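Asker: The lines below spell out each chain.
There are 2 protein chains.
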Amino acid sequence: MKRKETAAGKGTSRKRRASDNTYFVIMAGGKGERFWPQSTGLVPKPFVSITGKKTLIELTVERARRIVPLDHIFVVLGREHLPAAKKCLPRLSHGNFIIEPIGRDTAPCVGLAAMMLYGRDPDAVMVVLPSDHYVPDSTAFSRCIRETVKVARRGNHLVTIGVPPARPETGYGYIKTGRKISAPRDADCFEVARYVEKPNLPKARRYLRDGNYFWNAGIFVWRARVLLEGLKYHMPDLHSGLLRFQKALAAGDKDTADAIFARLPRLSIDYGLMEKAKNVLMLPAPFTWDDVGTWTSLLRVLPRDTTGNVLRGKTFSIDTTNCVILTDATPVATLGVSDLVIVASKNGILICNASRAQDVRQIAKALGKK
Amino acid sequence: MKRKETAAGKGTSRKRRASDNTYFVIMAGGKGERFWPQSTGLVPKPFVSITGKKTLIELTVERARRIVPLDHIFVVLGREHLPAAKKCLPRLSHGNFIIEPIGRDTAPCVGLAAMMLYGRDPDAVMVVLPSDHYVPDSTAFSRCIRETVKVARRGNHLVTIGVPPARPETGYGYIKTGRKISAPRDADCFEVARYVEKPNLPKARRYLRDGNYFWNAGIFVWRARVLLEGLKYHMPDLHSGLLRFQKALAAGDKDTADAIFARLPRLSIDYGLMEKAKNVLMLPAPFTWDDVGTWTSLLRVLPRDTTGNVLRGKTFSIDTTNCVILTDATPVATLGVSDLVIVASKNGILICNASRAQDVRQIAKALGKK
Chain D
1 MKRKETAAGK GTSRKRRASD NTYFVIMAGG KGERFWPQST GLVPKPFVSI
51 TGKKTLIELT VERARRIVPL DHIFVVLGRE HLPAAKKCLP RLSHGNFIIE
101 PIGRDTAPCV GLAAMMLYGR DPDAVMVVLP SDHYVPDSTA FSRCIRETVK
151 VARRGNHLVT IGVPPARPET GYGYIKTGRK ISAPRDADCF EVARYVEKPN
201 LPKARRYLRD GNYFWNAGIF VWRARVLLEG LKYHMPDLHS GLLRFQKALA
251 AGDKDTADAI FARLPRLSID YGLMEKAKNV LMLPAPFTWD DVGTWTSLLR
301 VLPRDTTGNV LRGKTFSIDT TNCVILTDAT PVATLGVSDL VIVASKNGIL
351 ICNASRAQDV RQIAKALGKK
Chain B
1001 MKRKETAAGK GTSRKRRASD NTYFVIMAGG KGERFWPQST GLVPKPFVSI
1051 TGKKTLIELT VERARRIVPL DHIFVVLGRE HLPAAKKCLP RLSHGNFIIE
1101 PIGRDTAPCV GLAAMMLYGR DPDAVMVVLP SDHYVPDSTA FSRCIRETVK
1151 VARRGNHLVT IGVPPARPET GYGYIKTGRK ISAPRDADCF EVARYVEKPN
1201 LPKARRYLRD GNYFWNAGIF VWRARVLLEG LKYHMPDLHS GLLRFQKALA
1251 AGDKDTADAI FARLPRLSID YGLMEKAKNV LMLPAPFTWD DVGTWTSLLR
1301 VLPRDTTGNV LRGKTFSIDT TNCVILTDAT PVATLGVSDL VIVASKNGIL
1351 ICNASRAQDV RQIAKALGKK
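Residue numbers (our numbering), protein chains in the order written: chain D, 1 to 370; chain B, 1001 to 1370.
None of these hints come from the bench; they were simulated from the model.
Since this is a predicted model, take the numbers as computed values, not measurements.
Even for Gly, the Cβ is constructed at its ideal location relative to N, Cα and C.
The reader is advised that the hints may include incorrect statements.
Unchecked claim - Quick list of in silico lysine to any residue cross-link-like pairs, SDA-like style, CA-CA up to 20 Å: (1) D/Lys314 / B/Gln1362; (2) D/Lys346 / B/Asp1328; (3) B/Lys1369 / D/Pro331; (4) D/Lys31 / D/Asp105; (5) B/Lys1053 / B/Arg1091; (6) D/Lys369 / B/Phe1316; (7) B/Lys1314 / D/Asp105; (8) B/Lys1276 / B/Lys1369; (9) B/Lys1365 / D/Ile318; (10) B/Lys1314 / D/Lys314; (11) D/Lys365 / B/Lys1276; (12) B/Lys1054 / B/Gln1362.
To be verified - Computed footprint of chain B on chain D, listed as stretches where at least three residues anywhere in the stretch have a Cβ under 8 Å from a Cβ of chain B: (13) 226-233; (14) 320-332.
To be verified - Examples of chain B residues lying across from chain D (beta carbon under 10 Å, computed): (15) Asp1137; (16) Ser1138; (17) Ser1142; (18) Val1337; (19) Ser1338; (20) Asn1347; (21) Leu1350.
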């Protein structure tokens, strides 16, 4: 395997060698609707502190930083989110922010990053991560990513990481594994039998018992070249569109480039490529993972007090159970309530039944219009 | 009956004549605990906007102002509440605030005001009102007070106004009426058979059916002289204490005066005098009345929206029923909740089960100590 020394490689010499052609592509963005009032259109979920003091994207970059030098970490995002992102990540160079002219789901986002990286380094291995997930064990995460990079580097596979289900979750897509292909002393590695849509509860219960179903966490590792070949074969419109986009950008014709990007197929990389490709492998995640999809998910991922509440900021509770209570500044007092999400920020105050946290987007949409 | 023209009488000549020796004594104060976060120790319930834009004491003074000129309206309160009171009532002269050195319940408060008024006008008729009750129909209230003043002026009675019960309320004391003594064309007027403590629910139901039980609204009308005679007979310690208090004040010895006041018996005028006196009469109130004892009482007294909520300020609600939601400035959004009291102010944010509003004082106490 060819190794290239780049001027950018910093850190220990061992890390430099292992990470020389490994790059992280962190997908940031979203509408900031389900985490109102903390997140808003201009400051969506990755850029706010949801699980602790640090923002989710800061935590994601910190995890990546254990594996590669900072200048191997790229963040793909919309132009409108650049100020929020730079505020969270002041040490990341301007060149490491890849601007999408417009959000067209993950396939164009990943394709754009792959072309850019392939141009820079034809042997680039990309680790694609969502920017707003919760992974408390960075050490286990690093070990798993390194193993996955090894698998991606030595073959022509699209590799993904599947999370062993911890409960019969109906809110996630699943990956059904096929034949185990790893060598005896290597990390477990499976062929992928098929991708499965979000199941109903009986199916989710069956998947949990079955042992061959994993949560699709949206984490991908592949050589940029392999990804581009996959796109060329399975999504030729996207592939040719991205080539034209790059050509227009290179010619300095930003308006044309933007117009081309805006017409790219709006598809997720899962639906557009992973479900169709035959060269997909999956490694099981040996780490705890949560997509922190709603405020209520904090009841799963954050430590609770003795009465089952997740509290942050100045709170005072009497006879209060199973609540998420977060406040930026103003004290919040609760009395005789349960199963509520209460979030107070300068943007607004949310009081929501814990079972209705998915619908917070309705509030954000309505208030956004006002 | 003797009529005295005082220099203070302003307003129409008809009003002046009717009100020349009528004075309102409005009792303000309290700890501000049940209306946290709007009310606090320094700004208790009478001085905050609970039922609308105006504070409860402003509304009380406005009702009194329909009957007497402004300089016949006195407010009794603790020194610590003077700034809040003056802010609410900028047109009231400094001399119309009667300062209690320390709160010793209503008997010393009323006695203090009676001595002061008797010194000013031996024929003074006092209308004693709590400062923080809800009386939406000012016209019916005025008519009733005028009738009651007539009764008090022509005899030697301690007159009170009883509210016909609207529900089997267990949170109020009751007055049981005896013989009806009014002349055929006069307003109804009853002797009082006895005062009744807050009943349990079966008793409250019986009182509601009975027709001879009325809520004790804490509204009293009497000649200052008659009240002082009653105190001298039934509460001689209070009466002599108040005389010594006045003497010390007149001698400019404020410290001695304060010490005397602090040792006055701590008793309500109901318990100390009304329950014992034989010369008590009661007129039924022909107006709606509520003591607005807790946030939840707003569900009774304020108009509700189509889904049964009482809303004030910037609120946005989805699937929200039977809630009180008040906010000073920050928008409050609710989703899938019911039977809650939600109040947001610069002091704090309260989320309280509607059935637990009595216990809000626990929060105010605990946060006050911090």
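Asker: Out of the numbered hints, which ones does the structure contradict?
Answerer: When the structure is compared with the hints, numbers 7, 8, 10, 11, 12, 13, 15, 16 and 17 turn out to be violated.
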